[in-house]
Structure formats: C-alpha cells, structure tokens
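Residues per chain are reported as follows:
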Amino acid sequence: DIQMTQSPASLSASLGETISIECRASEDIYSNLAWYQQKSGKSPQLLIYAANRLQDGVPSRFSGSGSGTQYSLKISGMQPEDEGDYFCLQGSKFPWTFGGGTKLELK
Amino acid sequence: QVQLQQSGAELVKPGSSVKISCKASGYTFTSYDMHWIKQQPGNGLEWIGWIYPGNGNTKYNQKFNGKATLTADKSSSTAYMQLSSLTSEDSAVYFCARLGYYGYPDYWGQGVMVTVSS
Chain L
1 DIQMTQSPAS LSASLGETIS IECRASEDIY SNLAWYQQKS GKSPQLLIYA
51 ANRLQDGVPS RFSGSGSGTQ YSLKISGMQP EDEGDYFCLQ GSKFPWTFGG
101 GTKLELK
Chain R
1 QVQLQQSGAE LVKPGSSVKI SCKASGYTFT SYDMHWIKQQ PGNGLEWIGW
51 IYPGNGNTKY NQKFNGKATL TADKSSSTAY MQLSSLTSED SAVYFCARLG
101 YYGYPDYWGQ GVMVTVSS
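Heads up: the sequence lines are chains L and R, in that order. Using the working numbering, read the first sequence as starting at 1 and increasing by one per residue. Using the working numbering, read the second sequence as starting at 1 and increasing by one per residue.
Here chain R stands alone, though its shape is the one from the complex (with noise of 0.2 Å):
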C-alpha cells in the first residue's frame, strides 16, 4: 500500500535552516509528482510547490521561492524540503503529498511540525 513516511519534529532557531524528508513505499517513486504543503493554525493551507522526481522538475509557489528548495533521491524514494533563514512565520506542520492519477494530492505524509524558536 502507499505510504509516505515523513522526518521527525524539528525545532530549529531562527536564520538557521531545516531539510525534512519524506520516504515514500508502495508505488513508483519516479512516476508521480510529489507535493509539500504547509498548515499553520488559523492561517490554513498553503500549497508550496512540487517535484516531479523521474527527472528533478520543480514547480513552486512564488511565495516561497527562495525559502523553500524541493530534491528527491531515487535511490531511496525519498523527497526533500529544505526550508532556509527560518523565521517564526515558518514554524508550521509541513505535509508531502502524492499527486494521484486523477491530478489532485491523494496520499499525504503524517505530517512534520517545525517549530522556530531561539
């Protein structure tokens, strides 16, 4: 079955930088897009970008160009995301999502909160 295992809590200071993985089972990897999505309490959902990992392609949200960086690693059917010069703005739960065949998110990772605090 498909599933998308996501990294631990994280909480990081500010100006520093976070990398958060999501390991992927159960389908091939290469062959979906993977999609990152933050949640923060009250302010809702916002859609970060995605990853196609057959060949590295990216697409991101304006918004976050420069703060957050979208890998994959084939060999371990892992994605990334890198999130930099973090600020309190950033301290979130963060989901990857698999692009289903009918074009919408259709499995999601547990979920990772980031928590920005000195």
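This is chain L alone, in the form it adopts within the complex (with noise of 0.2 Å):
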C-alpha cells in the first residue's frame, strides 16, 4: 500500500497567516491526491483535487501545488472558518490511502 506522511500533525495559526501543509506518498502518485478539511462532529468537504484544482466553491485561498510524490495544501490568509482537521488522500493505486490528518488552529 502507498504510505501517506503527513506534516505537521498540529499546527496553530493567527489570523491572516498563510500555512502549508504537506503529504509525503511513499511512491509516485502522478499528482492523484486530493485535499479535504472536517470540521468537528461533520463529514470532510473536498477542497482540492487532482493535486492542484479547486474545487467548486471552495473559497479562493485554498490552494494545491506538487507533483511525483510531495504535495502541500496552502491557506493563504487563515480565517476562523478554517479550524479543523485537513487530510490529504491518494487516488492512484488501490487501496486508496489517507494522510494522518493535520489539526489546525487559530491562535
């Protein structure tokens, strides 16, 4: 099974600050990854997918980059919204393979 790191596990940002968060894969994923973000007690909302698109609706200062096997999610401008928990997911090789998942914060 292809083996997701993701980094930080924590992280606690201030209002207005831009974060990353990664995901390592442990092969090539050929960019088939997709972010998502859960809220306490919800079910995960899409916000990235195929590594770099924006998914419909998703607030603008979202943003995916990367490629082979390192990608990061990018929140340029963290607002109170956006606390929760982010994971990254693979779609390239069965099983499909989730992230550890990020918990952010605002400070």
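Keep in mind that the hints were calculated from the coordinates and are not lab data. Any given hint could turn out to be false.
[What the hints assert, rightly or not] The calculated BS3-like cross-link candidates involving lysine-lysine, where the alpha carbons are at most 25 Å apart (straight line), are:
| no. | chain 1 | residue 1 | chain 2 | residue 2 |
| --- | --- | --- | --- | --- |
| 1 | L | Lys103 | L | Lys39 |
| 2 | R | Lys63 | L | Lys93 |
| 3 | R | Lys13 | R | Lys67 |
| 4 | L | Lys42 | L | Lys107 |
| 5 | L | Lys103 | L | Lys74 |
| 6 | R | Lys23 | R | Lys67 |
| 7 | R | Lys13 | R | Lys74 |
| 8 | L | Lys93 | R | Lys67 |
| 9 | L | Lys103 | R | Lys67 |
| 10 | R | Lys74 | R | Lys23 |
| 11 | R | Lys19 | R | Lys63 |
| 12 | R | Lys19 | R | Lys59 |
| 13 | L | Lys74 | L | Lys39 |
| 14 | R | Lys23 | R | Lys59 |
| 15 | L | Lys42 | L | Lys74 |
| 16 | L | Lys42 | R | Lys19 |
| 17 | L | Lys93 | R | Lys59 |
| 18 | R | Lys23 | L | Lys39 |
Using the hints, build the complex out of the two chains.
In structure tokens, the structure reads:
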C-alpha cells in the first residue's frame, strides 16, 4: 500500500497568516491527490483534487501544489472558519490511502 | 442538491453483524461509484472499498475482505455496507461518499457511529 505521511500533525495560525500542510507519498502518485477539510463532528469537504484543482465553491485562499511524491496545501490568509482537521487522499493506486491528518487551530 | 443520508448509530455485540445504509438523492444513483470509509480517533481514515450501483461491481481494500460487504438497491437509491464478525477494532464512524466527476469523493454522508461492546 502507498503510505501517505502528512505534516505537521497540528498547527496554530494567527488570523491572516499563510500556512502550508505537506503530504509525502511512499511512491510516485502522479498528482492523483485530493485535500479535505473536516470540522468537528462533520463529514469531510473536498477542497482540492488532482493536486492543484480547486473544487467548486471553495475559497480561492486555498491552493494545492506538488508532483511526484511531494504535495502541499496552502491557505493564504487564515480565517476563523478554516479551523478544523485537514487530510490528503491518494487515488493513484488501490487501496486508496489517507494522510494522518493535520489539526489547524486559530491562535 | 446531492444528499447522502446514512442510518443511525449502532451499538452491537462482539461477534455479531451490522448493516448500515446510505440513501442517495439529488443525482442519478446508478451513474456514480459509492465509496465507504472508516474513521477511528487516533487511527485516522481507511478506505474500505466502492460499489458501482449501476451494475453492482465492487472493489475492496484487501484488509476489509471478509469484513465488509457492499451492496446497492437501485429501486431505493440506497447503498449498504454489512460488517461481520465484529470486534472492538470495528468501533468507528463509517462514511459513504459519492465518487465525483473528477475522480474523488465529493459528497459524503453524515457518518454512522458503530460501537462494538458487550
């Protein structure tokens, strides 16, 4: 199985701060990667697909980048509603696998 | 609008089985794969498998072979997952999620908490 190593596990950001979350795959996943946000007690929401494509309705402060084995999610200007858990999902090879998650809090 | 409505929380005994449902609305049920995902606190997320309701084709994570069985009822636009021989390791929240046009789960159900306890 492809291992997805996500970092950091937790992050505290000030209002307006730009933050990045990383996912590293154990092998090349050819940009077959999505990012999700999950708020407490809720179901995940798709933010980014195909590594860098913004899902409809997602604010433009979210962006994704990367290739090969290294991918990142950037939030350009932290907002209070961005608090939550974030995780990556690789869809390159079965079984699909998830990163361990990042808890993002407002400082 | 697309909605996936899952059944309610379950408290079940070790060794038993449970069947949870995911009723789809707002789109053509038979045209999109339905994925199932397990979420445990501290253990993160695991992909269980998917079913294509149009023809019943399934694909499972090998780890869940023999544990999970995915089915779909076209007449009621409902997907099901049965979990068998339950142990405490199966206590988790289980989500159904539609595979969207771009190849990733885009709409998720609200999740079903399954608690395995005697």
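Going down the list of hints, with the structure as the test:
1. L:Lys103 / L:Lys39: This hinted pair holds, its Cα atoms lying about 10 Å apart.
2. R:Lys63 / L:Lys93: holds (15 Å)
3. R:Lys13 / R:Lys67: OK: Lys13 (chain R) and Lys67 (chain R) at ~15 Å, within 25 Å.
4. L:Lys42 / L:Lys107: Answer holds: Lys42 (chain L) to Lys107 (chain L) is near 22 Å, not above 25 Å.
5. L:Lys103 / L:Lys74: Holds, at roughly 14 Å.
6. R:Lys23 / R:Lys67: holds (22 Å)
7. R:Lys13 / R:Lys74: violated (30 Å)
8. L:Lys93 / R:Lys67: Holds. Lys93 (chain L) to Lys67 (chain R) sits at ~21 Å (cutoff 25 Å).
9. L:Lys103 / R:Lys67: It is violated: about 30 Å lies between the C-alpha atoms, which goes past 25 Å.
10. R:Lys74 / R:Lys23: Holds: Lys74 (chain R) and Lys23 (chain R) sit about 10 Å apart, inside 25 Å.
11. R:Lys19 / R:Lys63: Given pair Lys19 (chain R), Lys63 (chain R) holds - Cα atoms ~18 Å apart, limit 25 Å.
12. R:Lys19 / R:Lys59: Given pair Lys19 (chain R), Lys59 (chain R) holds - Cα atoms ~18 Å apart, limit 25 Å.
13. L:Lys74 / L:Lys39: Holds, at roughly 17 Å.
14. R:Lys23 / R:Lys59: At roughly 20 Å apart (the allowed maximum being 25 Å), Lys59 (chain R) and Lys23 (chain R) satisfy the hint.
15. L:Lys42 / L:Lys74: holds (22 Å)
16. L:Lys42 / R:Lys19: Answer holds: Lys42 (chain L) to Lys19 (chain R) is near 21 Å, not above 25 Å.
17. L:Lys93 / R:Lys59: This hinted pair holds, its Cα atoms lying about 12 Å apart.
18. R:Lys23 / L:Lys39: Holds, because 22 Å separates the two Cα atoms, which is no more than 25 Å.
Violated hints, in rising order: 7, 9; the structure is consistent with all others.
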